[in-house]
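Kindly generate the complete structure, drawing on both the sequences and the hints.
Line by line, the protein sequences give chains A and B.
Heads up: the first sequence is residues 3 to 118, going by the numbering used here.
Heads up: the second sequence is residues 193 to 303, going by the numbering used here.
Rather than coming from a laboratory, the hints here were simulated on the basis of the structure.
Hints are supplied without guarantee of correctness; some may be wrong.
Once the Cα atoms are required to be at most 30 Å apart in a straight line, the calculated BS3-like pairs of lysine-lysine come out as [stated by the list, open to error]:
#1 B:Lys290 to B:Lys269
#2 B:Lys290 to A:Lys55
#3 A:Lys13 to B:Lys290
#4 A:Lys13 to A:Lys55
#5 B:Lys269 to A:Lys72
#6 B:Lys261 to B:Lys241
For the chain B half of the interface with chain A, some residues (derived, Cβ under 10 Å), not all of them [what the hints assert, rightly or not]:
#7 Gln237
#8 Leu248
#9 Ala284
#10 Gly294
Using C-beta positions, here's what the derived DEER-type ranges look like [said to hold, decoys possible]:
#11 A:Thr88 to B:Pro271: 35 to 41 Å
#12 A:Thr7 to B:Glu200: 31 to 37 Å
#13 B:Pro199 to A:Asn30: 28 to 34 Å
#14 A:Asp58 to B:Gln263: 31 to 37 Å
#15 B:Asn209 to A:His12: 35 to 41 Å
The beta carbon of each residue, even a glycine, is placed where N, CA and C say it ideally should be.
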Amino acid sequence: DAGITQSPRHKVTETGTPVTLRCHQTENHRYMYWYRQDPGHGLRLIHYSYGVKDTDKGEVSDGYSVSRSKTEDFLLTLESATSSQTSVYFCAISPVTSGRATDTQYFGPGTRLTVL
Amino acid sequence: AQSVAQPEDQVNVAEGNPLTVKCTYSVSGNPYLFWYVQYPNRGLQFLLKYITGDNLVKGSYGFEAEFNKSQTSFHLKKPSALVSDSALYFCAVFNTDKLIFGTGTRLQVFP
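Below, the structure written as structure tokens:
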């Protein structure tokens, strides 16, 4: 899994509680991404980061925030979890060439989140 | 807007037979196209990509994909399927630092 770890791997939580998922990489790649995977939707981008403290929204960012205070860690926070956020969450990294993300991404093992 | 479509939710094939998983794309400019595979309880793994050049791209595990500009397609193929190829396959297009994925096709190879 390209030196990417995600924690926790499984989590069950209740509606309305905040949840933070962590993505950690060992290779100091500049670009990091958070996706959610749902049946019938494939993978959808939530947020991504192109450097420390540099982040941008993806197509399904509502209800999620991110932070990146260190190159190796990219945190995804569900501010107040809802049942619609029950999903499998994947982190990915992208190496950089000439200052821009390369086209190939490498994925972590995923976090299965259930919101009751 | 850049997008890809996978018209089949599931493809069933017998072991030893050729397989095809379909993908069509809609992009402006030259497309950067990808195939990823996901085995159960795992993250996605890169299989192959088309950037430019030869329309037939070879990738990991004996897979290949054919880029067809006139049909705007990028179908994944393998001459002889294995039971171990059973997995979820995603087509994707690269767009300004981001990948846009299709909805996925589940490949089931029967012994």
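Against the structure, the hints:
| no. | hint | verdict |
| --- | --- | --- |
| 1 | B:Lys290 to B:Lys269 | holds, 25 Å |
| 2 | B:Lys290 to A:Lys55 | holds, 18 Å |
| 3 | A:Lys13 to B:Lys290 | holds, 27 Å |
| 4 | A:Lys13 to A:Lys55 | holds, 26 Å |
| 5 | B:Lys269 to A:Lys72 | violated, 41 Å |
| 6 | B:Lys261 to B:Lys241 | holds, 15 Å |
| 7 | Gln237 | holds, 7 Å |
| 8 | Leu248 | violated, 19 Å |
| 9 | Ala284 | holds, 8 Å |
| 10 | Gly294 | holds, 6 Å |
| 11 | A:Thr88 to B:Pro271: 35 to 41 Å | holds, 40 Å |
| 12 | A:Thr7 to B:Glu200: 31 to 37 Å | holds, 33 Å |
| 13 | B:Pro199 to A:Asn30: 28 to 34 Å | violated, 40 Å |
| 14 | A:Asp58 to B:Gln263: 31 to 37 Å | holds, 33 Å |
| 15 | B:Asn209 to A:His12: 35 to 41 Å | holds, 37 Å |
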